[in-house]
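Chemist: These protein sequence lines are chains A and B, in that order. According to this note's numbering, the first sequence is numbered sequentially starting from 1. According to this note's numbering, the second sequence is numbered sequentially starting from 143.
The set of hints was computed from the structure by calculation and includes no laboratory data. For each residue, glycine too, the CB sits at the ideal point set by N, CA and C. Check each hint, because a few of them may be wrong.
Heads up, simulated SDA-like pairs for lysine to any residue below, C-alpha to C-alpha not over 25 Å straight-line [what the hints assert, rightly or not]:
#1 138/A with 157/B
#2 280/B with 19/A
#3 138/A with 166/B
#4 280/B with 130/A
#5 105/A with 164/B
#6 95/A with 138/A
#7 138/A with 253/B
#8 280/B with 16/A
#9 280/B with 24/A
#10 280/B with 115/A
#11 138/A with 172/B
#12 138/A with 254/B
#13 247/B with 202/B
#14 138/A with 247/B
#15 280/B with 95/A
#16 280/B with 31/A
A few chain A residues facing chain B, derived, Cβ under 10 Å [unchecked claim]:
#17 11
#18 12
#19 17
#20 18
#21 34
#22 38
#23 75
#24 93
#25 94
#26 95
#27 123
#28 134
Number of protein chains: 2
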Amino acid sequence: MVIKGSSGQACRAWQLLMRFFFAQREHLPGWAEQFGLSSIQCHALHLIEPDRPMPMSRLARALACDASNVTGLVDRLESRGVVQRVPSTTDRRVKAVGLTAAGAKLRGELLQRVAMRPHPLSRLSRAERRLLVEILEKLVDG
Amino acid sequence: MVIKGSSGQACRAWQLLMRFFFAQREHLPGWAEQFGLSSIQCHALHLIEPDRPMPMSRLARALACDASNVTGLVDRLESRGVVQRVPSTTDRRVKAVGLTAAGAKLRGELLQRVAMRPHPLSRLSRAERRLLVEILEKLVDG
DNA sequence: TATTGTTATACTCTATAACTATA
DNA sequence: TATAGTTATAGAGTATAACAATA
Numbered sequence: 001m002v003i004k005g006s007s008g009q010a011c012r013a014w015q016l017l018m019r020f021f022f023a024q025r026e027h028l029p030g031w032a033e034q035f036g037l038s039s040i041q042c043h044a045l046h047l048i049e050p051d052r053p054m055p056m057s058r059l060a061r062a063l064a065c066d067a068s069n070v071t072g073l074v075d076r077l078e079s080r081g082v083v084q085r086v087p088s089t090t091d092r093r094v095k096a097v098g099l100t101a102a103g104a105k106l107r108g109e110l111l112q113r114v115a116m117r118p119h120p121l122s123r124l125s126r127a128e129r130r131l132l133v134e135i136l137e138k139l140v141d142g
Numbered sequence: 143m144v145i146k147g148s149s150g151q152a153c154r155a156w157q158l159l160m161r162f163f164f165a166q167r168e169h170l171p172g173w174a175e176q177f178g179l180s181s182i183q184c185h186a187l188h189l190i191e192p193d194r195p196m197p198m199s200r201l202a203r204a205l206a207c208d209a210s211n212v213t214g215l216v217d218r219l220e221s222r223g224v225v226q227r228v229p230s231t232t233d234r235r236v237k238a239v240g241l242t243a244a245g246a247k248l249r250g251e252l253l254q255r256v257a258m259r260p261h262p263l264s265r266l267s268r269a270e271r272r273l274l275v276e277i278l279e280k281l282v283d284g
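With these hints in hand, go ahead and build the complete structure from the sequences.
Modeler: What follows is the structure, encoded as C-alpha cells:
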C-alpha cells in the first residue's frame, strides 16, 4: 500500500500505529470476556478508582460518549455487581458510580493482567523501551 | 495508577499504548464521519484494493468478525455506493466485494487524509521516527 | 460432508430528543 | 434558565444458530 504525503517514516509509523489499533480492537473483546465484561466496560472499570465514586456525567466525558449511554452501561455493570450508584451529598441531581468490593477486586485483577500482558514489549531492549516511552508520552499527551 | 508486575518501563509503555488505543477509539468515529462512514467501514474500505475484489469470507477473516456481520456491513457499504458484490467465476458460492469507481476514489482520499494526519508524529526527530518504526514493526508483526 | 453467504434473533454501544428533578 | 440523569427510539456492530446453494 503506497501512500503519498508527509514524510515516509512518519507515515509508516502512523500506519503501524493504526495496525496496532485495529489489532487491539480485534483482540480486546475476547480478552475482556475473561472478566465477563465488554472492552468498554473494562475501560470504564479501570477509570473508576476504589473509594472514589465518579459522577455519571464525568464518566460520560471520560468515555467521550453521550450521557444517555452511561445509564445503560452502568446498569449493566451494576447488575454484574461490580459498581453501585451512590447519591451525591452536595447535589441531589448527581449520582456517582463507585466500585463495590467485588468491583475493586475485579479491577485489581484486570490491571494486574494488563500489566502482565506485554509479552511483545519484553523483547525490546532496555534502551528501546525507554525511548518508546518517551515517544509515546509525546504522542499521547500532545 | 500503580501497577505491579513486569518491568516498570515495559509496563509504562504498554499503558501508553493503551491510552493511545482509547484515544483513537474516541476520535476515529468522528474522523470517519467526514467520509460518511463508520470506523469499521473505513477499515473495510482500506482493506479492499482497487480492481481486487475480496471474497466476503476473506473480508470476515481480515476484520476478525463473524461472516454473518459482513452481510450487513457490505449491504451498508453497497447502499452507500462504494462497493459492489461481484460473483466469483470459479466458485458459484462465493461473492466478492469490489470497489466501485466512487469507492476507489473515496478510498484514495481516505488514505491520503490518513497520511496527512500524523501531526503529532511530525514533532519527532528523524532518528526518533526511524526507531519508532523499528519498534512498532516488532510489536505489530510479532 | 463441508463451505459460502444469508436470515433470524438477541445483546451491546452509540446518538438524538424529550422528560424529571433539581440547581 | 441550565444541568444531571433517565427514558424512548433508532441504527450500527457483534455473536450464535439454522438454512439454501454449492463444492
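Chemist: It remains to establish, for every hint, whether it holds in the given structure.
Modeler: Hint check results:
no., hint, result
1, 138/A with 157/B, "holds (14 Å)"
2, 280/B with 19/A, "holds (12 Å)"
3, 138/A with 166/B, "holds (15 Å)"
4, 280/B with 130/A, "holds (16 Å)"
5, 105/A with 164/B, "holds (23 Å)"
6, 95/A with 138/A, "violated (35 Å)"
7, 138/A with 253/B, "holds (24 Å)"
8, 280/B with 16/A, "holds (10 Å)"
9, 280/B with 24/A, "holds (15 Å)"
10, 280/B with 115/A, "holds (19 Å)"
11, 138/A with 172/B, "holds (23 Å)"
12, 138/A with 254/B, "holds (24 Å)"
13, 247/B with 202/B, "holds (23 Å)"
14, 138/A with 247/B, "violated (34 Å)"
15, 280/B with 95/A, "violated (45 Å)"
16, 280/B with 31/A, "holds (21 Å)"
17, 11, "holds (5 Å)"
18, 12, "holds (5 Å)"
19, 17, "holds (7 Å)"
20, 18, "holds (7 Å)"
21, 34, "violated (16 Å)"
22, 38, "violated (13 Å)"
23, 75, "violated (22 Å)"
24, 93, "violated (26 Å)"
25, 94, "violated (24 Å)"
26, 95, "violated (23 Å)"
27, 123, "holds (6 Å)"
28, 134, "holds (8 Å)"
In this structure, the earlier hints numbered 6, 14, 15, 21, 22, 23, 24, 25, 26 are contradicted, and the remaining ones agree with it.
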